[in-house]
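Student: Sequence:
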Amino acid sequence: MNTIQDDALESAQDSKGIAEKAVNAGHAGKSTQHESAIKHVTGKALYVDDQPESKGLLHAATGWSDAACGKIWEMDLSAVHSAPGVVAVMTLKDVPGHKDIGPVFSGDPLLADGEVTFYGQPLFVVAADTYDNARRAATLGRIVVEGDTPLLDPKIAVEQSRFVRPTHGLHRNNDANEDAKTVLRKAQHIVEGAMHIGGQEHYYLEGQVALASPTEDGGFFIQSSTQHPSEVQKLVAEVMAKPINAITVETRRMGGAFGGKETHAAQWACLAALLAGKTQRDVKFRLPRTADMLQTGKRHPFANQYRIAIDPAGRIQAADITVTGDCGCSPDLSDAIVDRAMFHADNAYYLPAAEITGHRAFTHKVSNTAFRGFGGPQGMMIIERAMDDIARKVGKDPLTLRKLNLYGNQGRNITPYHQEVDSQTLHRVIETLEHSSNYWQRRKVITQYNQTQKRYKKGLALTPVKFGISFTVQHLNQAGALVHIYTDGSVQVNHGGTEMGQGLNTKVAQIVARVLGVDVGMVQSTATRTDKVPNTSPTAASSGTDLNGQAAKNAAETIKQRLLAFLAERYDVVKSDIHFRDNHVAIEGIPEPIAFADVIQQAYMARVSLSSTGFYRTPKIHYNREQSKGRPFFYYATGASVSEVLIDTLTGEYKVTRVDIVHDVGESLNPALDIGQIEGGFIQGMGWLTTEELSWSQEGRLQTVGAATYKIPTAADTPAIFNVKLLDNQPNEEATIYHSKAVGEPPFMLAISVWSALRDAISSLSDYQYSPDLDTPATPERVYWAIQDMLALASDKESKSHNEFDDNTEQNHAP
29 MNTIQDDALE SAQDSKGIAE KAVNAGHAGK STQHESAIKH VTGKALYVDD
79 QPESKGLLHA ATGWSDAACG KIWEMDLSAV HSAPGVVAVM TLKDVPGHKD
129 IGPVFSGDPL LADGEVTFYG QPLFVVAADT YDNARRAATL GRIVVEGDTP
179 LLDPKIAVEQ SRFVRPTHGL HRNNDANEDA KTVLRKAQHI VEGAMHIGGQ
229 EHYYLEGQVA LASPTEDGGF FIQSSTQHPS EVQKLVAEVM AKPINAITVE
279 TRRMGGAFGG KETHAAQWAC LAALLAGKTQ RDVKFRLPRT ADMLQTGKRH
329 PFANQYRIAI DPAGRIQAAD ITVTGDCGCS PDLSDAIVDR AMFHADNAYY
379 LPAAEITGHR AFTHKVSNTA FRGFGGPQGM MIIERAMDDI ARKVGKDPLT
429 LRKLNLYGNQ GRNITPYHQE VDSQTLHRVI ETLEHSSNYW QRRKVITQYN
479 QTQKRYKKGL ALTPVKFGIS FTVQHLNQAG ALVHIYTDGS VQVNHGGTEM
529 GQGLNTKVAQ IVARVLGVDV GMVQSTATRT DKVPNTSPTA ASSGTDLNGQ
579 AAKNAAETIK QRLLAFLAER YDVVKSDIHF RDNHVAIEGI PEPIAFADVI
629 QQAYMARVSL SSTGFYRTPK IHYNREQSKG RPFFYYATGA SVSEVLIDTL
679 TGEYKVTRVD IVHDVGESLN PALDIGQIEG GFIQGMGWLT TEELSWSQEG
729 RLQTVGAATY KIPTAADTPA IFNVKLLDNQ PNEEATIYHS KAVGEPPFML
779 AISVWSALRD AISSLSDYQY SPDLDTPATP ERVYWAIQDM LALASDKESK
829 SHNEFDDNTE QNHAP
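Going by the working numbering, the letters in the sequence shown line up with residues 29 to 843, in that order.
The hints are simulated quantities; they were obtained by calculation from the structure and are not laboratory data.
Among the clues, some could well be false.
To be verified - Only pairs whose alpha carbons sit at most 20 Å apart, straight line, appear in this in silico EDC-like list of lysine to aspartate or glutamate: (1) 127 / 141; (2) 424 / 450; (3) 127 / 143; (4) 306 / 81; (5) 739 / 803; (6) 121 / 102.
In this text, all values refer to a predicted model and were calculated from it rather than measured experimentally.
Sequences and hints are given; from them, build the entire structure.
Tutor: And the structure:
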């Protein structure tokens with residue numbers, strides 16, 4: 029081993045020692061390192077594909093369609109059967125049970141049958157002795173598809189009334205009981221606009237993978253990289269015509285998911301089980317990156333538009349907003365995703381009268397699915413565009429205009445779906461950031477810079493986030509947990525959530541440690557398993573800690589109450605005289621605290637149960653979809669960001685030079701993890717809005733299927749100045765776990781400030797009179813063409829001043 033390697037090993041060992049001390053010390057409310065951090069950086073963290081290969085293990089691959097739509101006329105698989113190493117080939121007709129694995133609504137066949145609806149759709153599945161043999165064999169099928177012209181544009185789908193689910197709407201009348209259309213019809217000043225919002229590939233580091241093993245009783249043990257083990261369990265059972273109790277699913281960890289493994293992990297587990305059932309051998313199904321990108325859904329692209337009535341100061345009087353989700357070829361989760369886009373089309377702004385319509389458009393693309401934010405980011409984009417557009421129209425700084433329209437008091441705190449908003453935290457977040465980022469001083473400097481520089485322009489924007497926390501499907505807001513205390517005082521917790529790098533297991537362990545008064549190093553979180561905690565909800569909707577943390581706390585407190593009752597009787601004291609802390613139990617009247625492990629040993633000898641299940645369901649939430657009224661969210665997470673950009677007007681290239689963030693997480697369970705989530709979420713959101721561009725050919729083939737053509741952000745894209753601060757002294761008023769707030773999804777939308785800052789820089793070319801069109805992702809090409817359009821508009825001597833209100837309706841200067 030050379031000197032460099034020796035130094036690296038010594039450094040790693042030193043870091044491990046420091047990390048172990050940190051782990052042992054922390055409980056809920058403290059910055060404690062991720063429970064698998066050392067395993068991650070040393071390569072010892074095991075994922076599904078790292079499991080030792082059993083004797084006779086088979087590998088699976090699919091043969092897929094090279095047409096986006098059409099009827100299957102012929103499928104000759106004789107060459108596949110005779111290919112080297114092939115053990116089994118199966119099609120939909122070989123499925124013993126359910127053939128459709130749609131998670132909520134039907135429309136997702138396990139394998140295509142009769143017709144194809146997207147390019148890359150699996151037609152058959154093959155098992156072979158090696159990974160390479162399986163992949164080669166899968167290419168040998170002779171498939172004849174009578175192709176048709178694919179429908180790829182969601183706007184055309186709406187015109188043709190082609191939807192995966194019915195259109196739905198929200199509406200709220202103003203205090204005079206006038207609906208939005210009435211107010212708009214009478215309004216003197218109207219602003220309107222439209223934009224396309226691109227989709228996003230999940231690009232998790234670990235791709236889709238599942239390992240199916242037949243069990244001696246005719247069932248299956250499934251190891252799956254999934255956010256929803258219970259759904260995988262249920263669907264495998266249905267596909268294999270087995271009772272659910274014959275299937276056990278385990279998920280130790282995922283190498284990223286971001287929503288892409290909420291429903292779309294199930295297909296590969298089902299196919300692995302199908303082959304395992306036929307061959308009675310273990311079968312592993314791991315998708316290569318190209319197949320993964322072709323065959324799994326993305327973030328929904330959206331086509332949105334707005335029409336808003338304002339008063340002369342720019343205060344919104346009414347809004348008519350339409351959001352159209354490109355759902356792909358099946359419903360999947362699109363109904364709820366478009367619902368959430370509608371719920372967040374107001375973002376942080378009060379709409380006195382609102383009409384919000386959501387279309388779920390069918391296209392011949394792989395069915396789009398959950399992605400961090402679950403439709404919320406796409407809904408927020410249209411109102412944030414409107415804020416910038418209105419500001420230019422009335423000649424105000426966009427921040428001034430945003431603050432004018434923020435949710436507030438005196439009746440200005442009711443959403444379009446009739447939920448009340450506590451606006452105090454929202455205002456405090458913005459005011460804190462406004463001062464800490466020196467927004468107004470920087471605005472002045474940037475304006476002067478843009479007046480003196482010809483080629484380069486700077487942009488600045490502050491945008492808020494108000495994000496509802498809870499599953500919009502009510503029954504998913506529940507969780508279970510299982511806690512054991514062993515006779516040496518060590519603790520084991522299992523819960524229904526899944527670990528995908530976000531630190532959920534760490535936080536749950538911290539919660540249990542806090543309840544029992546022990547170091548977190550004494551608590552071990554084990555792999556999620558359906559035979560330990562049944563009927564679990566997906567780890568999604570930013571609710572992983574809210575739900576599973578509460579369930580684990582409930583289980584730990586049940587055991588603690590047993591211990592308190594035992595100790596109170598044994599030492600003839602009342603429960604309030606007994607205190608669990610610092611790995612000991614202090615009892616008033618007893619001189620020395622008793623070690624926690626000794627107390628547990630005493631309780632065991634006294635036959636006190638040291639194991640308990642726990643359960644939690646979110647209170648207060650309800651929603652009547654027919655009336656579009658209710659409280660779909662338990663609470664709101666809020667934050668705000670300021671982004672500064674520099675663009676080159678000759679090329680459209682740009683750089684994000686500084687970002688300031690203030691985010692509200694209530695009483696943080698783990699500040700280090702929370703700040704990491706905020707930083708990561710922001711950068712991922714920045715990628716969605718700037719570089720991550722999905723492209724399809726006219727034939728419906730996804731052309732961006734790898735890192736060479738699909739550009740996720742890298743470390744080099746991180747702003748040189750990146751200030752992240754948690755809002756101080758703002759505990760969640762709702763009874764969440766230790767009054768914390770969710771942090772998984774809300775930070776993603778903070779990146780909207782980058783896109784808004786780009787528009788701000790482009791607008792400076794017209795002396796901030798006009799607001800540019802800039803669809804997302806805002807690639808340098810799109811920025812360049814927006815610059816050219818703005819220059820042309822600014823030079824038009826006959827264009828009216830943007831601050832004049834001569835017309836009843838003014839189109840939003842969309843060149």
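Student: Compare the distance between the alpha carbons of residue 306 and residue 81 with 20 Å, and conclude whether the hinted pair is satisfied.
Tutor: At roughly 19 Å apart (the allowed maximum being 20 Å), residue 81 and residue 306 satisfy the hint.
Student: Decide if the proposed pair is consistent with the structure: residue 127 and residue 141, CA atoms, cutoff 20 Å inclusive.
Tutor: holds, 10 Å
Student: CA of residue 121 to CA of residue 102, is that 20 Å or under?
Tutor: holds, 14 Å
Student: Please verify whether residue 127 and residue 143 have alpha carbons no more than 20 Å apart.
Tutor: At roughly 14 Å apart (the allowed maximum being 20 Å), residue 143 and residue 127 satisfy the hint.
Student: When you check the alpha-carbon spacing of residue 424 and residue 450, does it fall within 20 Å?
Tutor: violated, 26 Å
Student: Do the alpha carbons of residue 739 and residue 803 lie within 20 Å of each other, as the hint requires?
Tutor: OK: residue 739 and residue 803 at ~17 Å, within 20 Å.
In this structure, the one hint that does not hold is number 2.
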